[in-house]
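Enquirer: Each chain, written out:
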Amino acid sequence: MRSKFEILVISITVIVTLILFLVIGSMFLVTTPQGFLESLFSSEFAYSIWLTIYTSLISATLVVICCIPMAYSLSRLDFPGKWFFRIILDIPMALPEIVVGIALLMFLGNYGIGGMLDSIGIKFVFNTLGIIIAEFFIALPYAIKMLHSTFNYIDTRYEFVSRSLGYSDFETFYKITLPLSKQGLFATIIITLARCIGTFAAVLFVGGGILHKTDTLSITMYLHLSTGNMDMAITAGIVLVIISVITIAIMEKYAPETYNQ
Amino acid sequence: MNNKLLKVDIQKELNEFDLEVDFELKNKRLGILGPSGCGKSMTLKSIAGIVNPDNGVVSLNTGEETTYFDSNKKINLKPQERNVGYLFQNYALFPNMTVEENVTIGLSKEGNGKKTSFLNRFSSNRTVKGNVASGLSKSDDERVAEMIKRFHLEGLEKRYPRQLSGGQQQRVALARILAYRPDVILLDEPFSAMDTFLKEQLRMELANLLRDFDGFSIMVTHDRDEAFQFCDELIILDAGKIIAKGTTYEIFENPRRVEVARLTGCKNISEIEIIDDYHLKSLDWDVTFEVSQKISPNITHIGIRAHDFSAAQKGDVNVFSTENSTVLEMPFEWEITLANGLWWKYDKQIYEHDFVIPKYLKVDPQDIILLEE
Chain F
1 MRSKFEILVI SITVIVTLIL FLVIGSMFLV TTPQGFLESL FSSEFAYSIW
51 LTIYTSLISA TLVVICCIPM AYSLSRLDFP GKWFFRIILD IPMALPEIVV
101 GIALLMFLGN YGIGGMLDSI GIKFVFNTLG IIIAEFFIAL PYAIKMLHST
151 FNYIDTRYEF VSRSLGYSDF ETFYKITLPL SKQGLFATII ITLARCIGTF
201 AAVLFVGGGI LHKTDTLSIT MYLHLSTGNM DMAITAGIVL VIISVITIAI
251 MEKYAPETYN Q
Chain G
262 MNNKLLKVDI QKELNEFDLE VDFELKNKRL GILGPSGCGK SMTLKSIAGI
312 VNPDNGVVSL NTGEETTYFD SNKKINLKPQ ERNVGYLFQN YALFPNMTVE
362 ENVTIGLSKE GNGKKTSFLN RFSSNRTVKG NVASGLSKSD DERVAEMIKR
412 FHLEGLEKRY PRQLSGGQQQ RVALARILAY RPDVILLDEP FSAMDTFLKE
462 QLRMELANLL RDFDGFSIMV THDRDEAFQF CDELIILDAG KIIAKGTTYE
512 IFENPRRVEV ARLTGCKNIS EIEIIDDYHL KSLDWDVTFE VSQKISPNIT
562 HIGIRAHDFS AAQKGDVNVF STENSTVLEM PFEWEITLAN GLWWKYDKQI
612 YEHDFVIPKY LKVDPQDIIL LEE
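Protein sequence lines correspond, in order, to chains F and G. As numbered in our numbering, residues 1 to 261 make up the first sequence, in order. As numbered in our numbering, residues 262 to 634 make up the second sequence, in order.
Worth double-checking, as some hints may not be accurate.
Pairs of lysine-lysine, DSS-like flavour, derived with a Cα cap of 27 Å [claimed, not checked]:
#1 Lys289/G with Lys410/G
#2 Lys268/G with Lys606/G
#3 Lys410/G with Lys335/G
#4 Lys213/F with Lys253/F
#5 Lys419/G with Lys253/F
#6 Lys82/F with Lys542/G
#7 Lys82/F with Lys339/G
#8 Lys82/F with Lys335/G
#9 Lys542/G with Lys606/G
#10 Lys575/G with Lys555/G
#11 Lys419/G with Lys182/F
By construction, these hints were calculated from the structure, which means they are not laboratory data.
Work out the full structure: start from the sequences and follow the hints.
Expert: Dropping the structure here:
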């Protein structure tokens, strides 16, 4: 016999989860299968999917390349003003995405360094480069946070032992720290990819939200929603849901085993 | 072992106190005994290079002198440049590596000056699983097999640390350290957090091994049995300062100071009032004792080991009544707490279950340890 408390907490879990499931599921009912398929195989949609995958692969790769040394130095090393860097890196997480987007637009656009760069022929905004930059800055703080706690979780004694056995700092990092953080690193990569794919407001501002040019899936969804093309909008939404389900499934299935002693 | 010398003289400011440790080690096995948080582990970590002292020198002479640390000369070798093995509590075996790989990782960097470039070995041996085994020549493989055999790990080569028993884990950790051929092995409370049975078994193995090891070993512990078993020489550390230094036998026989007596396992310690040159009164137990040594004025306490009492008649020297005592039965000894707080231990056979406390107990004047605060 379950206690009232147990029944209460289980009920809350079940009800809220079911509502969430209904909300997501109802999207599948808005469009007809025919409308869905037509939208899915339209050339505009193909471009949008391609752009989304292409930009998020690049930005996620850049994020992972940057977040490994950054998370490591924040977790393991001491340097002057470390607290300051930690706060700066945490700020974007607390900020609404749209603020990051506007800030990036100001900085990279004509108000900031944009005008200067424009004169030598480099443009950071309203193009693919802008999308990648926006996705990078949105996903980076989360990636650092995740990997930072992964590194923190690894017992530093392993690293001490490795050094005392003659291995340099880099060898120790490569042979001990990195393999031990395999699971966290894997999760970081998947979540980063998911975040890059799903970035919206920042991509809208820095990329400009131009149809057929800078419309990633979430932008496509937004643009078609505002023009009343429900089939296209909902199809983009459904594809985004499918991508996240695949992401979670990959995480569950292929996450490397932990080495709990 | 003859001409080797390990010199340690370090100071470091810590939160609660300043650590000041200096000693020269010629004998093989040193113990650092002290309560938790006295700076023992910090000393060990300074020798290993994991922690940097504020001031001082750490140097090792094994025929030629290697300075590990010297604050004046601005020398500070990294842990990987010191030939020192560190045995952690619970051993810190690499959980992502098999037994074989754990041993190999010690072997592949063995001995200073024999280091091959990591990147070279990596690129030429990409196919070897786990990268760890990479770069080992045939003879290295044989040496791993040798270590596996020497530490009785045959059949366990492909297992991961979590699949090993405590004893097997210790052997892997030792094989890993010894494969590296260190000049000094540092042992950081290797047996704490272990159940009694396993502890006793592992102590035996480790004691045998350290006896055969041709180098220095320094063990940090708060356990007097371990200190006694493993160490030729002892340093007693309290709040960052050395309060006693000497051979293990000397320190156990004549602790001289209250804290040392306590750490070497003296159960009965009391503050005293000196009556005359050979008599004193214990303030805690309310008994007057005669001692065999002249009492110098700086003596403030006495200690009596729990085994040093014996049955007596009224009128004997250093005698007191045992009225209102409590008896606790252990498998091989009786533990008696007297009404005045004194603690007596008396050996027994496992089948004896009845014990009549003698009406009076005494302690030989020779067995009263005079202590300074």
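Enquirer: A separate judgement is required for each hint: does it hold in the structure or not?
Expert: Verification of the hints:
1. Lys289/G with Lys410/G: holds, 25 Å
2. Lys268/G with Lys606/G: Given that 27 Å is the threshold and the Cα spacing comes to 41 Å, the pair is violated.
3. Lys410/G with Lys335/G: Violated. Lys410/G to Lys335/G sits at ~43 Å, over the 27 Å cutoff.
4. Lys213/F with Lys253/F: violated, 35 Å
5. Lys419/G with Lys253/F: holds, 25 Å
6. Lys82/F with Lys542/G: violated, 60 Å
7. Lys82/F with Lys339/G: holds, 23 Å
8. Lys82/F with Lys335/G: Holds - the C-alpha atoms of Lys335/G and Lys82/F are around 26 Å apart, at most 27 Å.
9. Lys542/G with Lys606/G: holds, 22 Å
10. Lys575/G with Lys555/G: Holds, at about 25 Å.
11. Lys419/G with Lys182/F: Status holds; Cα separation ~20 Å.
When the structure is compared with the earlier hints, violations turn up for hints 2, 3, 4, 6 and for no others.
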